[in-house]
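Protein chains in written order, with our numbering: chain A, 1 to 387; chain B, 1001 to 1334; chain C, 2001 to 2126; chain D, 3001 to 3170.
Treat the hints as calculated values from the structure; they're not laboratory data.
Please note that a few of the clues may not be correct.
To be verified - Straight line, CA to CA, 30 Å or less: simulated BS3-like cross-link-like pairs of lysine-lysine:
(1) A:289 <-> C:2017
(2) A:313 <-> C:2098
(3) C:2084 <-> B:1061
Claimed, not checked - What follows is a set of in silico ranges between Cβ atoms, one per label pair, in the way DEER data are often shown:
(4) A:254 <-> C:2046: 38 to 48 Å
(5) C:2064 <-> D:3122: 17 to 27 Å
(6) A:31 <-> C:2057: 27 to 37 Å
(7) A:310 <-> B:1061: 51 to 61 Å
(8) D:3159 <-> C:2097: 55 to 65 Å
(9) A:205 <-> D:3130: 37 to 47 Å
(10) A:202 <-> D:3122: 47 to 57 Å
As the list claims (entries may be wrong) - Covered stretches of chain C, as calculated for chain A (at least 3 residues, CB under 8 Å):
(11) 2026-2034
(12) 2041-2054
(13) 2082-2093
This one's a predicted model, so the numbers in the text were calculated from it and none came from an experiment.
The C-beta atom is built at its ideal place from N, Cα and C for all residues, glycine as well.
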Amino acid sequence: MIKQMNEKELITIEHIEPIIPEDTDYNFYFGPAHSGSGNFGVKLRIDGEKVTSARADPGYLHRGFEKLMEYRVPMQNAVLSDRVCILEALNWNLVHAEAVDELTGVEVPQRARYIRVLMAELSRLQSHLIWYGVMSLALGFDTGFKMAFGYRDYILDIFELITGGRVYPAGYICPGGVRRDLPDGSEDKIKRVLDQTEEMMQKMKDFDNIVFSRRTKGVGILRTEDAIRLGATGPVLRACGVETDVRKDDPYEIYDELDFDIPVRREGDAYARCLIRGREMEESIKIIKQVLERLPEGKVREPAKITPPSRVKIPEGEVYVRNELARGEGCVYMRSVGEGEPYRVKLRGPDFLHMIPVLEHLLKGSQIADIPAIYWSLNICPADMDR
Amino acid sequence: MVVTSGTALGAVIGTIGLAAFGLFCGLLYKGFDRKISAHMQSRIGPPIIQPFLDVSKFMIKDSVQPERALTWLYNAAPIVSLASVITVLLYLPFGGLTFTPILSGYGDLILVVYLLILPALAMVAGGFASSSPFATVGAQRKMVTMMSYEFPLAVVAIAIAWKLNQLYPGESVFGLAFIYSHPLWGHVGPAGIIGMLLLFFSIIVVTPGQLATVPFDIDEASPEIAEGLTAEYSGRNFALFYLADAAKMVAVGTLTVALFFPYDLSPLIGISGPVGSFIDFVFFLLKLFLVTMLTVTLIKTAVARLKISQVPTSFWGFTTAIALVGLILLVVPN
Amino acid sequence: MSMLKTIEVLFETLFSKPMTVKFPYEAIEIPEDYRGEHELDIDKCVGCGLCAEICPNRAVEMVELPEEHKEKYPKTYPRLDLRKCCFCGLCQDICPRKCLILTKNVFLATPDPSAVIKNPMPKGPQ
Amino acid sequence: MAESLYKENKVIEDISAKFKVAGKVQRERRVWVTVDKDNLIMLCNFVKGLGFEHLSAISVTDWPEEGTFELTYHLWSYSEKILLTIKTKLDRTEPIVNSVISIWGENAQIHERELHELFGVEFEGNEDLTPLFLEDWDGPPPFKKDFDWKEYVRQQCYDQANERERAYYD
Chain A
1 MIKQMNEKEL
11 ITIEHIEPII
21 PEDTDYNFYF
31 GPAHSGSGNF
41 GVKLRIDGEK
51 VTSARADPGY
61 LHRGFEKLME
71 YRVPMQNAVL
81 SDRVCILEAL
91 NWNLVHAEAV
101 DELTGVEVPQ
111 RARYIRVLMA
121 ELSRLQSHLI
131 WYGVMSLALG
141 FDTGFKMAFG
151 YRDYILDIFE
161 LITGGRVYPA
171 GYICPGGVRR
181 DLPDGSEDKI
191 KRVLDQTEEM
201 MQKMKDFDNI
211 VFSRRTKGVG
221 ILRTEDAIRL
231 GATGPVLRAC
241 GVETDVRKDD
251 PYEIYDELDF
261 DIPVRREGDA
271 YARCLIRGRE
281 MEESIKIIKQ
291 VLERLPEGKV
301 REPAKITPPS
311 RVKIPEGEVY
321 VRNELARGEG
331 CVYMRSVGEG
341 EPYRVKLRGP
351 DFLHMIPVLE
361 HLLKGSQIAD
371 IPAIYWSLNI
381 CPADMDR
Chain B
1001 MVVTSGTALG
1011 AVIGTIGLAA
1021 FGLFCGLLYK
1031 GFDRKISAHM
1041 QSRIGPPIIQ
1051 PFLDVSKFMI
1061 KDSVQPERAL
1071 TWLYNAAPIV
1081 SLASVITVLL
1091 YLPFGGLTFT
1101 PILSGYGDLI
1111 LVVYLLILPA
1121 LAMVAGGFAS
1131 SSPFATVGAQ
1141 RKMVTMMSYE
1151 FPLAVVAIAI
1161 AWKLNQLYPG
1171 ESVFGLAFIY
1181 SHPLWGHVGP
1191 AGIIGMLLLF
1201 FSIIVVTPGQ
1211 LATVPFDIDE
1221 ASPEIAEGLT
1231 AEYSGRNFAL
1241 FYLADAAKMV
1251 AVGTLTVALF
1261 FPYDLSPLIG
1271 ISGPVGSFID
1281 FVFFLLKLFL
1291 VTMLTVTLIK
1301 TAVARLKISQ
1311 VPTSFWGFTT
1321 AIALVGLILL
1331 VVPN
Chain C
2001 MSMLKTIEVL
2011 FETLFSKPMT
2021 VKFPYEAIEI
2031 PEDYRGEHEL
2041 DIDKCVGCGL
2051 CAEICPNRAV
2061 EMVELPEEHK
2071 EKYPKTYPRL
2081 DLRKCCFCGL
2091 CQDICPRKCL
2101 ILTKNVFLAT
2111 PDPSAVIKNP
2121 MPKGPQ
Chain D
3001 MAESLYKENK
3011 VIEDISAKFK
3021 VAGKVQRERR
3031 VWVTVDKDNL
3041 IMLCNFVKGL
3051 GFEHLSAISV
3061 TDWPEEGTFE
3071 LTYHLWSYSE
3081 KILLTIKTKL
3091 DRTEPIVNSV
3101 ISIWGENAQI
3111 HERELHELFG
3121 VEFEGNEDLT
3131 PLFLEDWDGP
3141 PPFKKDFDWK
3151 EYVRQQCYDQ
3161 ANERERAYYD
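If we strip away everything but chain A, and leave its shape as in the complex, we get (with noise of 0.2 Å):
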């Protein structure tokens, strides 16, 4: 049978006071223990049912990258930086493969940009099923969660495929080009995927007056201005009614010559930002078919062979590359002074500004209840915030 703990064996934790809510105002913490919230948490202090103020307390995955990334080189950096957030590991891929290439001056294959774009697409139409898939979870409704991780795993096995690992593909877009070249019989593979993608597209629509549109309109309405002083971008800020796009008004890769609106809302709410990501899981698509169609033949990756560390060398000078990530603009600033490491790496986060003021700020005179819609509508991932 279990064998008793006598008293002295029990590490004695030194008595925690829990908080007791004396009348309605009390604290509440939305925590970083607490199954609908990730590893962050939010100090909430509550009066009745209405939030009176909200601090955030990052900080449970500060893993230091920019300092990691001193250390090595941009190859092995490059297989580091799909772990600043693994949800959308290839877009941060692009981000960090960009920076070195603009520094080092490599004139980057043709078929590798375009292999480039797809998997940064497909990654951000991933990304925007998980999103769908934790929203649905919030707001109660279990179906949409399972169908959405069910259909993302088709777009994993197309990961496992081409880059040889399902979440982390491990540097796949690295300084030079791609890693590999895509196997034969891979383009069919990812036109079925896409099929099946818009077949849980057409389902999203469908469950969406049951789910969505009642708990998320007119909550957690964020105004334009508020939006560009707080300093949200990609979906969040194109809910305001700001049109703006880094894929189009700073162009990257090949993205100026392939054609994709973007979607812009005016309401600034909850429900604004969610169509707005199924509007631009559609758009992903067109990019990824246009792409499929003009994949031009040839090598992948610059200098064919990695060369050994020892002879690495970065050519002196830095450089600021933004991207468009699943969740708005991800950079990267990198010094370099002439030796094989980075001198200094800066990686912003879109994260970093959607889950300290931005959430800060529409959380305040919030209800409970309304809580997770909000929490989960900015599509929050607390790696890229703490990085």
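Put chains B, C and D on the given structure of chain A with help from the hints.
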């Protein structure tokens, strides 16, 4: 309360047998519920016997108790909850008319309707006793749901009893055995049929409220207040709550079947005697299965959770209105 | 209203084939060059140490073989510490002789701690 | 690719007309401007007027040999569609600069809070410089180049008895 089935000893054995079979049936239906809602979400889902494995697992785990909890109430709550559900089962015509309910009497429909509150009340008491902020918020929310779904349920009970009283004045209209043996569908005009359908619809909305399944599971809404009421429970205590929940699903299902589908198969096929009653019993289980799938599984898979502020309005406003219209349509035009 | 549409979608899915598979009995097959457990072909390895140099997590270390194999394999060979390794496959790409290959085996959970360190061993019976 | 960088050069002309700056157009849509610490705030105000509303990031690069912190403000203008980076140098021993909260609001406030914690840069005018990621961290600012983290970890939590740790450290 007149004990109809002979000696007290018969009643005790009957109770134990009924309780065991009710729990077995409840866990089995929970297994079906998870399997079917899984297939509705295009996944395979756990085996049918998963609830049995869960309960046996909970039984083995040791039950940890929070330091500041009110110990006697904390441990009594699960026991009271399960016991009250079993007493409800005693009154219900479980398995068609073949087995007369062990305890039956004059006004047991009213008694059943209010006895069904006791498990929820015990859970609320347990939640407050465990002194965790999540459980406290969960308990407050559970009371709101309990208070709001009582009104439509009462309207449905009164409607049926009132109509029966009109048809058979002077009978014990609130006795479940009587209700079960006098189906209403045949004796009401078209308006009555619509009235009965409206009443059945409001029962469909009330059942998730009673069982705290999805649209109304705000008391243990995991994203907002992690696990709410039963946050501090584990091991045997949680197993008892789990069993009470399973048995309650059977009890509420049986009540719905008794009120709306009290037909027996054997007279139609003309077989009587032990084989007939066995067929009735299986037919009853089939009816119970269909009603549970409709009210619990389908709604759980198809609908999202409501906000705490929407629960009272959806019950007091929407459902009660439909129940009242059903009542008027049923009772007035005869 | 879209509640009926949802119920229709659910019943459609109820009678169609589920996406998931019963794992231990049937499994989704893993594609060709998946990055799983390492495999070292010690005869081709020249001990250049490039894999140890490129590893981002410093999981590869060049070690000598135990005494009885020393004369047949005098050089140093890569020893892999699977606790640190993130299976990125850089060592496989940089190896000039292509003798360190990542196989498709992903079932690496093991109770004994010694199996986590993959020491270079000559193939076949000693 | 170097079509007419007219807009970028115009930005530099507007700025250098008013301030003594060293400007450079790196490529299209990328303008780098270096300014000294004193008229940083005036330049930021002026530049905000030019349309650079979006503060993308603030970063600090540590130069221990020169004894300076190099502060870089990356600003994006939605209307002009140009990224302007303002660089300025601070003395390393007591790095004090006035905060840009008045210009870019909470966006700047949270960046400054992070840099204060990781580099120890003082931002005058930003009251809430409380710890952000590293709550109960009593060591020196960890991202500075001269912070020897190996030594710090060795003192703080090197436990002799643990055989694996000993193998790592010795």
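Here's how the hints hold up against the structure:
Restraint check for residue 289 of chain A and residue 2017 of chain C: the C-alpha separation of about 28 Å stays at or below 30 Å, so the hint holds. At roughly 25 Å between alpha-carbon atoms, residue 313 of chain A and residue 2098 of chain C fall within 30 Å of each other, so this suggested pair holds. With a CA separation close to 34 Å, the supplied pair residue 2084 of chain C and residue 1061 of chain B exceeds the 30 Å bound. Take residue 254 of chain A and residue 2046 of chain C: their Cβ atoms lie about 41 Å apart, and the range 38 to 48 Å holds.
A beta carbon spacing of about 54 Å between residue 2064 of chain C and residue 3122 of chain D contradicts the range 17 to 27 Å that was offered as a hint. Distance hint check for residue 31 of chain A and residue 2057 of chain C: the Cβ-Cβ separation is about 31 Å, which falls inside the suggested range of 27 to 37 Å. Between residue 310 of chain A and residue 1061 of chain B the Cβ separation comes to about 55 Å, which falls inside the hinted range of 51 to 61 Å. One distance hint, 55 to 65 Å for the beta-carbon pair residue 3159 of chain D and residue 2097 of chain C, is violated here, with the actual separation near 41 Å.
A hinted range of 37 to 47 Å for the beta carbons of residue 205 of chain A and residue 3130 of chain D is consistent with their spacing of about 45 Å. Distance hint check: the CB atoms of residue 202 of chain A and residue 3122 of chain D are about 56 Å apart, consistent with the given range 47 to 57 Å. A count of 6 residues in the region 2026-2034 of chain C with a Cβ less than 8 Å from any Cβ of chain A is obtained; the coverage claim is therefore met, three being the minimum. As drawn, the region 2041-2054 of chain C meets chain A at 3 residues by the rule of a beta-carbon pair under 8 Å; at three or more, the given contact holds.
For the region 2082-2093 of chain C, the proposed coverage by chain A is satisfied: 6 residues have a C-beta within less than 8 Å of a C-beta in that chain, meeting the threshold of three.
Of the numbered hints given earlier, the model fails hints 3, 5, 8; all others are met.
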